[in-house]
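Residue strings, one per chain:
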Amino acid sequence: MKLKKALCVALTAALAVTAFAGCGSKPSDQENAGGSSPDAAAGTEASGADTAGGTIKIGGIGPLTGGAAVYGIAVKNGAELAVKEINEAGGIGGMQVEINYQDDEHDAEKAVNAYNTLKDWGAQAILGAVTSAPCVAVGGVAQEDNIFMLTPSGTAVDCVKYDNAFRVCFSDPMQGVESAKYIGDHGLATKVAAIYDSSDVYSTGIYQAFAQEAENQDFEIVAAEAFTAESKSDFSVQLQKAKDAGAELVFLPFYYSEASLVLKQAAGMDYKPTFFGCDGMDGILAVQGFDAALADNLIFLSPFTPTSDDPAIQKFVTDYQTAYGETPNQFAADAYDGMYAIKAAMEDGNVTSDMSPSDICEAMKASMVNITIDGVTAKNLTWEASGEPSKEPMVVKIANGDYAVVDDADAEGAAADGAADDAAESVIGTEAAAE
Amino acid sequence: MKNPSGRTYAAEGNEKYTGWGNSMSFISYFINGISLGSVYAIIALGYTMVYGIAKMLNFAHGDVIMIGAYVVMASVSGAGLPPFAALLVSVVFCTVLGIVIESVAYRPLLNAASSLAVLITAIGVSYLLQNIALLIFGANTISFASIVPVPALALAGGALTVTGEAIVTIACCIVIMIGLTLFIRKSKAGQAMLAVSEDKGAAQLMGINVNGTIALTFAIGSALAAVAGVLLCSAYPTLTPYTGAMPGIKAFVAAVFGGIGSIPGALIGGILLGVIEIFGKAYISSQMADAIVFGVLIVILLVKPAGILGKNIQEKV
Amino acid sequence: MKKINKTTRSNLITYGMVIAMFVIMQALVSAGRISSLLQGLLVPLCAYIILAVSLNLTVGILGELSLGHAGFMCVGAFTSAFFSKCMAEAIPAAGVRYVIALLIGAASAGICGILIGIPVLRLKGDYLAIVTLAFGEIIKNIVNILFIGRDENGFHFSTKDTLSLGLSMDGEVIVNGPQGITGTPKDSTFAIGMVLILITLFIVLNLIHSRSGRAIMAIRDNRIAAESIGINITKYKLMAFSVSAALAGVAGVIYAHNLATLTAQPKNFGYNMSIMILVFVVLGGIGNIRGSVIAAIVLTLLPELLRGLSDYRMLIYAVVLIAMMLFNWSPKAIAWREQYAAKFRRKKQKEV
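Residue numbers (the numbering used here), protein chains in the order written: chain E, 1442 to 1876; chain W, 10 to 326; chain Z, 36 to 387.
Next comes chain E alone, as it looks inside the complex:
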């Protein structure tokens, strides 16, 4: 027993020592660790070669393990792709970019740990966190340290509560309201059912805003059914209730992995309403083994479609596929745009690599409202001081196993709203007639 205790103490001591040692030697450790991914290695090499402008350090936070890993990994890949491009094109104002991406396991507490790890590493701005609850938690500490934070995909309202936080994606209420308006304006249905994940921040956030806006619209929510993280393999009851209530449209404000199951089970019970989703639906056609015919006529709001003709999007999609062997989803696209937004804001604010994170934050806060990005998730993407992006959602409809942008006018983001609505109405009209 003696030995065991001695060992325990020794182990604790060893851990503690490593932890302290970590504070001094962290940067080099992290560089070595990051060496496993080609882009980080490229960034490091480049920074060695080009010392004139120095190196700017960007930290990323997101889930790389656990049930939400798929989103975190997409963001990591999207951000690293952008960093690689930026470095090849000469960096940000001559400075090379280095990105270090830390795992938060989709947990608020672990996200704060990841944030602190990045702080030790010397991160000068944060691209994260990916999911909502961790993002709110990181926001709380990042605000105290006054570090600039841009979340690619944290949709909850509180994600951008503080003035140092901005986001690339749409917020939950905005998506809920836009969805309800779209359904109402285009007369897609009079009886609507909603199925949402009552244990998830994103899903309930959208649903609540949707239900609120629905009261002003020309349709009625006839069934609102929930599921939880613990019981998300069987949707037969929720679908049966929607069917019994005579819903012509089912609103699905959650991610595509669960949605693929909903579509399959609905097909199994011969229930064919219109399905309507939010940005989490993007990526459903990339699910390996998924029968795309099931998703026919699925409509969702999305900032991004990989099949768009736009050359910038095409380039992004091709590069992403070459690098990671899969089609990017909107998480990757948000991160890609986010990285370019950081670049633009840094250039606008004349950020240099020897500035402190707090000074950089002040400069970038002021610059974020000045910049305009022509990104893959929107053209003429700008930000308000509140942290919200101003961009128009695209309405995407899946037809013949492919994404198709319904609302062409909105996609370009240039046309006036009225014209856009007319265009969309005519498209919907023809489709309805075709049916």
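It is possible that part of the hints are untrue.
[Stated by the list, open to error] Restricting the straight-line Cα-Cα distance to at most 25 Å, the calculated cross-link-like pairs of lysine to aspartate or glutamate (DMTMM-like) are:
no., chain 1, residue 1, chain 2, residue 2
1, E, K1602, Z, E262
2, Z, K221, E, D1604
3, W, K313, Z, E262
4, Z, K195, E, D1659
These are computed hints drawn from the structure, not numbers from a lab.
It should be emphasised that the depicted structure is a prediction, and the values quoted were computed from it without experimental measurement.
Got chain E; can you put chains W and Z on it based on the hints?
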């Protein structure tokens, strides 16, 4: 407002439907409950068998199921094997995996001072399997193509459908249950299992190879996990490295429900759990589904503390 | 010098260890020689230590397996965060507010412990485990559908959504279903956490070595014998169980007042967390309070220090966990260790 005629049609259809409505949806919920329950039951069979013989809760069982499903997926879409051959590959793979896990991680602890030690190791194995799958197969959801060849059964003029997966799962459950019961009652190895579960020490004195028997139990349990994995993913076709975790816990609950260690109990417990879950969602609240399931579980255990079919062993002084 | 009693000495070592840890950390923090990662981990560490010690009371001393400890933590966290958020303006003094929050968290978790304990402690073994697991999941589920708002008419409750709260325009949603409570004042500090660890240790160690503690351990070792000598089984079981629950509530208070957001996710208040706490207890040694403290520290730091391994982090963590379990618990490993220790000792004696 573009297509009024279409909408009236839908409304009419709906009225016709609700005329039948309540009793029809009740039956439909019931069938769905049994389908869900049969998946829990087939997982619970593996749990309960290992518990009965080795007296340990194998928390990694759900993850062996996930590995089994990935192996089938990889051998169908990667190596181009026909579904049945893929299932066979998966059964063999999981059996070997089960034996390896048992001999490396569990056997050294079977005689440890506390039975909790092996439970914690099982949790470690569960994390390990999840992370190995994450590294090999990635985090992306895979929509598992059903390999069940049975078509859906339409009843009452199409108002009710029983999916082919549900029929096959229930059939498999019953076959496996009968097979296991016969194996344990009739074969020599099965008798040895019974003896080990009664009293390890005495069994050893009678010349039974205790370690071999326990390894055999794990082998059978893991082979069942491969079958369960295929059926789980055929019925609910999303596969991620974390697919096995939650059904694993639910199946554990089902096994306790039925009386842990009892093979018919696992079947009854699983089906009851599925039916309660679906009815709870349908008639009480879909938000509270978990709370309802677990609430019923507590009530049943308070009334029958050893589960539905469990033996209540009297303590002797 | 008067020889100190063996248990007293052991207890003093435990207290001393915690105090030494506090002094070292505090010195490092004030000297600025500590990484932000470790500094950020100090408060969660306190919560985990308290959780591990309190669960050890149930598992080690009472001898019952509980898989729902995170449920009590959840109750403590949400009630106290609710209180602090409501009273943030009414009671500006953080210290006073925090003490009241602590009492509320502990009391509500303790009451839940009693309510759950009365029916449940009649069950045994794995059945008790599964019922506690069920309670943990029920608590999480209920918290996730709870909506509480406040306006000038008082509090509004709902289990549906924020709309059905019917708040007036300037009303404020305090508990927002799965979005939980955001903006809890960040009142937890390392010093408070350390004081709470010492109080927890004091309560638990004193309980163990008191008359009641001996009765509880008698029940654990042989229930029938304990009953036959007139020990009130229900009373003592309930006592241990509710104290354990209340202490978990305290840990919940620390946890809730350390993060800007409090949500009941499977990750932090589900069975995963309950099992994680159980891992601390079993790895540290069942019934060994000091072991729990050490195991909680080691297992909380380990995944953070493995961050350098990037993709392989959680994989290595799992392997290390299995290896530590085998080393600590396998009869063969114990025999080997003792043999080695004996050899070592002999060698030392020879040298002397």
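Hint-by-hint comparison with the structure:
1. E:K1602 x Z:E262: Answer violated: K1602 (chain E) to E262 (chain Z) is near 59 Å, above 25 Å.
2. Z:K221 x E:D1604: holds, 19 Å
3. W:K313 x Z:E262: holds, 23 Å
4. Z:K195 x E:D1659: holds, 22 Å
Comparing the model with each earlier hint shows a violation of hint 1 alone; every other hint is respected.
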